[in-house]
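Asks: Given next are the chains, with one letter for each unit.
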Amino acid sequence: MRDVKKLMVAVLVLLAAAAIAACGSSDDSTTGAAAGEESQPVSGEFAPVPGAPEAYSIVGGEAELERSSGGTTVSISLNGLEPKTPYIAHLHVGSCERSDPGGPHFQFEKGGSEEPPNEIHLRFTSNAAGEGEAEVTSKREVPEREAGSVVLHVDHSHHEMTSFEANEAEAVFVHEGVDHSKEGTGHPEGKSQPAHSDKIACAELEGGRWEEAGSATAVEAPTIVVRDGEPVDGVAELEFSAGEEVRFRVTSDQAEEIHVHGYDLAQEVPAGGTVEFAFPAELEGIYEVELEQLAVQIVELQINP
Amino acid sequence: MSFLPLAHALSAREDLPVPAWLFAWAASIVLIISFFALAAGWRSPRFEELRERPLSEGLSRVLLGLPAQLLYGLVGIFLLGLAVYAGIEGTAAPDRNFALTFLFVTCWLGFPFFSAILGDLFRPFNPWRAIGRAAGAGFKLIAGQRPAHLPYPEKLGRWPAAIGLLAVVWLEVIYGSGGVILEPETAGVAALVYTAYTLAMMGVFGVEKWCQRGEVFSVYFGMFGRLGIFGTRDGRLERRRPFSAATSWATVPGSAAVVIASIATTSYDGASEGAFQDPMESVFEWIAEAGIGLTASLRITETAFLLLCFAVVALVYLLGVRGMRTVPGAPSLSTLRTGFAHTLIPIALAYLVAHYFSLFVFQEQAQFTYLLSDPLGTGTTDLFGTASSGVDYTILSANAIWYVQVASLVVGHVIGLMLAHDRALVYWTDYRKATASQYWMLAVMVAFTCFGLYLLSVANG
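In the order they appear, the protein sequences are chains A and B. For the first sequence, the residue numbers in the numbering used here are 1 to 305. For the second sequence, the residue numbers in the numbering used here are 1 to 461.
Treat the hints with care, since some could be wrong.
[Unchecked claim] Some residues of chain A that are not near chain B, with every Cβ distance over 10 Å (derived):
{"id": "1", "residue": "A55"}
{"id": "2", "residue": "S99"}
{"id": "3", "residue": "E141"}
{"id": "4", "residue": "G243"}
{"id": "5", "residue": "D253"}
{"id": "6", "residue": "A271"}
[As the list claims (entries may be wrong)] If you only want the chain A side, here are some residues facing chain B, beta carbon under 10 Å, derived:
{"id": "7", "residue": "V232"}
{"id": "8", "residue": "Q254"}
{"id": "9", "residue": "Y263"}
{"id": "10", "residue": "L283"}
{"id": "11", "residue": "Y287"}
{"id": "12", "residue": "E290"}
{"id": "13", "residue": "Q297"}
These aren't lab readings, by the way, just hints derived from the structure by calculation. Note that this is a predicted model, so its numbers are computed, not measured. We put the beta carbon where it would ideally sit given N, CA and C, even for glycine.
Kindly generate the complete structure, drawing on both the sequences and the hints.
Replies: The following block contains the structure:
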């Protein structure tokens, strides 16, 4: 009997160990949220975005975002551009990996002005060697989790272009500088551009947002693309903490009604249109977002306490 | 391919996985409690006697008299009829139709929850029993004698109910999954088919006999009712010691299969979303590649895993029983097998509470508001002015749900240990040997409780 007892003790200890081991392995999602480094500069390298004009396939360079005493400085340097062309770059909230690289512009006041100082724009004109750089300093601090990327465009509206939209440090996009006020005149270099965007290059700001925190997704407003009544990338898993703002967009090629269960929010999306949901995460649990007519789930919305 | 349990169709909401730290605490507490339970074991059985105390005769007459029985029966028949009618005639949207929520949440979960506290509540409301008894009374009136029945083959015991239980859960979580939503109409038709089957069986074996052995819902809900504190004897309502009525429950063959089926089905429903998801998808793809249709492949996969759950739960229990047999003075294997089956009832209940408590709380709001006012989900009826109400998901925080889940498993574990220890003292009059035998049952209980915790803590796919 004593032997049996010893055996059982051994079994129980093993079970306890297994239990604790199981915990350790499933622990990753609960930690690391607030671990963003306070004032370390975040930086990234420019690379052409998918669909960028052929001529920009050699674009490279760096973007850096530094927070200091309540302010934010964003600087970029680029090479491989067209010579003597005006460019503009904006700070974005999202990742370069998104289908619309960088997502929306960073804004200090969300939904406010689309111009500096509410956004961070960096304008410059390339030199004869196709190089250029710009720096802009804002008196406000870009929140830890909102610096996604810097995206470069050709400067369409030369007169209003200055520099980065460095609002959100997630991505800095460099766009080709075409003057929006003179639509139809074409780009200075006469380059063909993707119909939807004139984005040229994007620099992912590594560490610019809380990659693991889930809160990052709140700010970058991920877009769920629906084609033929199915989410193209499968059911999206979005995770938020209670009290945060849940934000995401749905683009559909067919007219549908998007329904957020539990919260019971619904929006009609027209064929080819996009709707954005933004609401406070009040209800804890895991909720379905679905195409109401087809009863197809597109998002699994997880709200943690 | 996604595996969606019924809860999705009804509320499109799931519980968050229990966080790792809570899992660790709960598992540790379970282990510590288990050690103390062994050390501090009592030396003579305490739950084997019912110790019933009859309640006042007047109360019994009001609650159990013929008018009351008629009333309960009519209510039962009316609600069954309403569910069938709503299922067949009402909207095809699962969440807007009275039938699914009423059958699979209000009844399927409500009767176990409340019966476990109060005693068997289903028996008086059982619509089939009411119809059967009325038919029997009618027969006697016309023929002047009681209807004759075949003797029930006692070897079958509760096996028909155990198999029926698996079939009901199959319909609930497997037939209606993977894009083929269980439609209210299917549930309504299934209820009709089950009614015909049950009435036929009652005709053959007698109403009460079939309710005790083969009628799935009577057996299943009655099992949980054995934990409750009220019972009846000779038409008299009585209070009894909690859990003590369970001690005599498993003497009928096949009872162990019923309680094992209960644990297995709940585990399956939880695991198919989390722990089993990846292996299930592999098996599904493997079957689908063999050229079988998608829906069929999905159902085959899920059925296989449901049966696997049943086999594993049974195996763990039988291993524990086998181990007890090695303790000197042990009774026969079959005695042990039936003798300890009732100790799993609290575990089965704990699994139910842990997995479905939040669904029950949320979905009952729907049941008593819009589903009651607009049972067919037509959008044009509003019987009680609550057709446009919604479900308030804020009444339970994620934390509250976690604590209820973990607490139910720990409490179920403790009650199971108590009952097992008590039963061991019946077989081994030497309490030291009884305690030695309980190392084995303890291992079984710890395995079930930790498995239950594990299922709750695995993130949904």
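Asks: If any of the earlier hints don't hold here, list their numbers in rising order.
Replies: When the structure is compared with the hints, numbers 7, 8 turn out to be violated.
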